[in-house]
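**Student:** Chains as they are written, first to last, in the UniProt record's numbering: chain A, 1 to 202; chain D, 1 to 125; chain V, 1 to 293.
Treat the hints with care, as some may be off.
[What the hints assert, rightly or not] Quick list of in silico lysine-lysine cross-link-like pairs, DSSO-like style, CA-CA up to 30 Å:
1) D:Lys22 to V:Lys27
2) V:Lys124 to V:Lys101
3) V:Lys257 to V:Lys27
4) V:Lys101 to A:Lys129
[What the hints assert, rightly or not] Beta-carbon label-pair distances, calculated as ranges:
5) V:Pro162 to A:Ile135: 44 to 54 Å
6) V:Glu73 to A:Ser187: 27 to 37 Å
7) D:Ile4 to V:Asn126: 40 to 50 Å
[Said to hold, decoys possible] Some chain D residues well away from chain V (every beta-carbon gap over 12 Å; in silico):
8) Met1
9) Ala19
10) Thr27
11) Glu78
12) Met89
13) Lys90
14) Val91
15) Leu96
16) Ile108
17) Leu116
Honestly, the hints are just simulated from the structure, not real lab data. From a predicted model like this one, the values you see are computed outputs, not experimental measurements. We put the CB at the ideal spot given by N, CA and C, even for glycine.
Each chain is listed here by its residues.
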Amino acid sequence: MFNLVLKDILLQKKTLMILLPILFFYLFTGASTSYVAIIFCIAIIMNAFALDEKSSINLLLNSLPYTRKEIVSSKYIGAIVFIILVLLTIFIGNWIIHGEIIQWKQLLFTISIVAIFVSLSFPFSYLLKSQYLMIAMGVSFVIYMIIANKFIPDINDRIREAVQTVLSFSNSQQYLLLFLPVVILYSFSWMLSIRIYSKKVF
Amino acid sequence: MQIIISNHSKEPIYEQIYAQIKKHILTNELQAGQFLPSMRQLAKDLDVSVITTKRAYEELEKNGFIFSVVGKGSFVSEQNNELIRERKMKVIEEQLVAAIQNSKEIGIELTELKELLTMLYKEEI
Amino acid sequence: MENVIELQHVNKAFNGFQMKDLSISVKKGFVTGFIGGNGVGKSTTIKMIMNLLQPDSGTISLFGMDYKKHEKEIKQRIGFVFDDNIFYENITLAEMKQMIKPAYKNWDDAIFKQYVDMFELPLKKNIKTFSKGMMMKASLTMALSHHAELIIMDEPTSGLDPIFRRELLDILHDLMQNGERTIFFSTHITTDLDRIADYITFIHNGQHIFTKEYYKIEEEYAIVKGETNLLDRDTEKEFIAIRKSNHGFEALTTNKKRTEDIFGETVIIEKPTLEDIMLYTKKGRENDVQSRS
Chain A
1 MFNLVLKDIL
11 LQKKTLMILL
21 PILFFYLFTG
31 ASTSYVAIIF
41 CIAIIMNAFA
51 LDEKSSINLL
61 LNSLPYTRKE
71 IVSSKYIGAI
81 VFIILVLLTI
91 FIGNWIIHGE
101 IIQWKQLLFT
111 ISIVAIFVSL
121 SFPFSYLLKS
131 QYLMIAMGVS
141 FVIYMIIANK
151 FIPDINDRIR
161 EAVQTVLSFS
171 NSQQYLLLFL
181 PVVILYSFSW
191 MLSIRIYSKK
201 VF
Chain D
1 MQIIISNHSK
11 EPIYEQIYAQ
21 IKKHILTNEL
31 QAGQFLPSMR
41 QLAKDLDVSV
51 ITTKRAYEEL
61 EKNGFIFSVV
71 GKGSFVSEQN
81 NELIRERKMK
91 VIEEQLVAAI
101 QNSKEIGIEL
111 TELKELLTML
121 YKEEI
Chain V
1 MENVIELQHV
11 NKAFNGFQMK
21 DLSISVKKGF
31 VTGFIGGNGV
41 GKSTTIKMIM
51 NLLQPDSGTI
61 SLFGMDYKKH
71 EKEIKQRIGF
81 VFDDNIFYEN
91 ITLAEMKQMI
101 KPAYKNWDDA
111 IFKQYVDMFE
121 LPLKKNIKTF
131 SKGMMMKASL
141 TMALSHHAEL
151 IIMDEPTSGL
161 DPIFRRELLD
171 ILHDLMQNGE
181 RTIFFSTHIT
191 TDLDRIADYI
201 TFIHNGQHIF
211 TKEYYKIEEE
221 YAIVKGETNL
231 LDRDTEKEFI
241 AIRKSNHGFE
251 ALTTNKKRTE
261 DIFGETVIIE
271 KPTLEDIMLY
281 TKKGRENDVQ
291 SRS
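Just need the whole structure built from these sequences, with the hints factored in.
**Tutor:** Given below as structure tokens:
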């Protein structure tokens, strides 16, 4: 199964080569590290996912001595590996360029956001296709806008406030407690994806 | 050992192989105890399927022309050779007698019959 | 004789058509050619054998094991070649090998190199640039580089030039030398089978028509040609299907000996090709359906 993760990294090698320097460049401009990290993680993870979506590639992977469980699991493990890779780069980059060490709370926040995104988008993409993900996101954005306009006009402020509250948690235990639901969501999504993928036909 | 196969013959390929190996054995071109190529090797050489050569070998074995030793391959049998020749000779004799009788019935001379035989013999390969 | 692939009473409804009570066995150490027209279930059957699809009912076992418990062990022992390109396109063959190699315990770089050299495959070029023939050679190279005991191929010869098709058959002959290997492949170029297939498995409309030794087909089946006035209600029963024209008839029999006895010298009896058998079987089934409705 780790061969499959390794395969994803090999496949992303060229993309990583291009993306990581860009990442460094962003760090120079002093953009929000969390924001940049989230975008890069999602871009790389979804790129790896999309490459394996073609039915011919599914034919290959399923004909090799791997089980479907392993094929799905490799994607979830791979996502974690990519997150670590990006965060490590940002961490080191930030340290070299700005001479500051990113707070572990900020890292945890980034991981949580990416993990939530992966948890939602992987089962969705296994069920349909990742290309519909953009449409789904567009639709949810419209719904979000409607809600924001019609029902809860200050939703943006509320979210910002919530994020601020989360970030300002001083107690580490509180932080870890918030991280727990993310872990549960991720595991649940993992199981769900295995179920969906097991029933797929190519 | 030469084996020539026709894909367009009415005769099945395994029979062609069978007949030609049998001929090689009866003409002593293949001698008793001599090693035959494995059926898989022969299939490859003749560009035919394994089951075809397998069938030919099975027929040869059934009729006592060859025998196989597990793990070693197939060999030309020895004891039967003389017997087969003798048996064949007997068949030939009988057939010739019938031909002679028929000739006499319609008054064909020996020389004429000989000529006919020579001609037919040369025509057949 | 040992069976490497065994399908028993397999039913599967898929893409609007049905596999009905399919029972097929593939013998160890031999080449089995898998024939049938387009859309009769060849690819579906191969996918079920590869566990890419699961049957609705019935059992499938390979090497005497079933996929539920032994999926990885089974697939370790299979080499597969598909009709389509199933590799990533934007990488080189060397990179693709790097990804496939770790999946197999018995991967053999020496064999891989041997085939790459033999097929003159470029290791450093993007797979995207490969022609259909090169693609096929690359697939075959991957399939043969891990000492697979069973080689499964879906239409391996389609899209190949006749010269390479002959070369491919030579390679298959070589593979069969030790008697431990089994090859199962589907094709619609039936002339390829003359040279290599030991058994023929024929399916039509999701049903198994027969699995026979190739030479038995030639012994049992025959094309019969004769004058139309020889046909009547009784003699027509001898045939699977009949094609009549103003100048005579042509028909397929499954019992050459009996047909010879019945018609004697009045008809011409010829060796059928596999295409004849496929064509007449299809025609016969259609007539059955018509006469029943």
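**Student:** Measure nothing beyond the straight line between the CA atoms of Lys257 of chain V and Lys27 of chain V; if it is 30 Å or shorter, mark the hint as holding.
**Tutor:** With a Cα-Cα distance of about 28 Å, the restraint between Lys257 of chain V and Lys27 of chain V holds, given a limit of 30 Å.
**Student:** Please settle this one: Met1 of chain D was flagged as non-interface, so is its CB more than 12 Å from every CB on chain V?
**Tutor:** holds (18 Å)
**Student:** Taking the minimum C-beta separation from Lys90 of chain D to chain V, is that value above 12 Å?
**Tutor:** holds (30 Å)
**Student:** Taking the shortest Cβ-to-Cβ distance between Leu96 of chain D and chain V, state whether it exceeds 12 Å.
**Tutor:** holds (28 Å)
**Student:** Just tell me: holds or violated, for the beta carbon distance of Pro162 of chain V and Ile135 of chain A against 44 to 54 Å?
**Tutor:** holds (48 Å)
**Student:** Determine whether the non-interface label on Ile108 of chain D survives the test: each CB of chain V must be over 12 Å from its CB.
**Tutor:** Given a closest Cβ separation of 28 Å, the condition holds.
**Student:** Beyond 12 Å from every Cβ of chain V: is that where the Cβ of Thr27 of chain D lies?
**Tutor:** Consistent with the label, Thr27 of chain D stays out of reach of chain V, its closest Cβ about 26 Å off (over 12 Å).
**Student:** Has the given pair, Lys101 of chain V with Lys129 of chain A, been kept, meaning a C-alpha gap of at most 30 Å?
**Tutor:** It holds: about 28 Å lies between the C-alpha atoms, which stays within 30 Å.
**Student:** Please confirm whether Ala19 of chain D is truly not at the interface, meaning its C-beta sits more than 12 Å away from all C-beta atoms of chain V.
**Tutor:** holds (15 Å)
**Student:** Determine whether the Cβ-Cβ distance between Ile4 of chain D and Asn126 of chain V falls within the hinted range of 40 to 50 Å.
**Tutor:** holds (47 Å)
**Student:** Confirm or reject: Val91 of chain D is not an interface residue toward chain V, with every Cβ-Cβ distance exceeding 12 Å.
**Tutor:** About 25 Å separates Val91 of chain D from the closest Cβ of chain V, which puts it past 12 Å; holds.
**Student:** Taking C-beta pairs only, is Met89 of chain D more than 12 Å away from all of chain V?
**Tutor:** holds (31 Å)
Violated hints for the displayed structure: none, as all numbered hints are satisfied.
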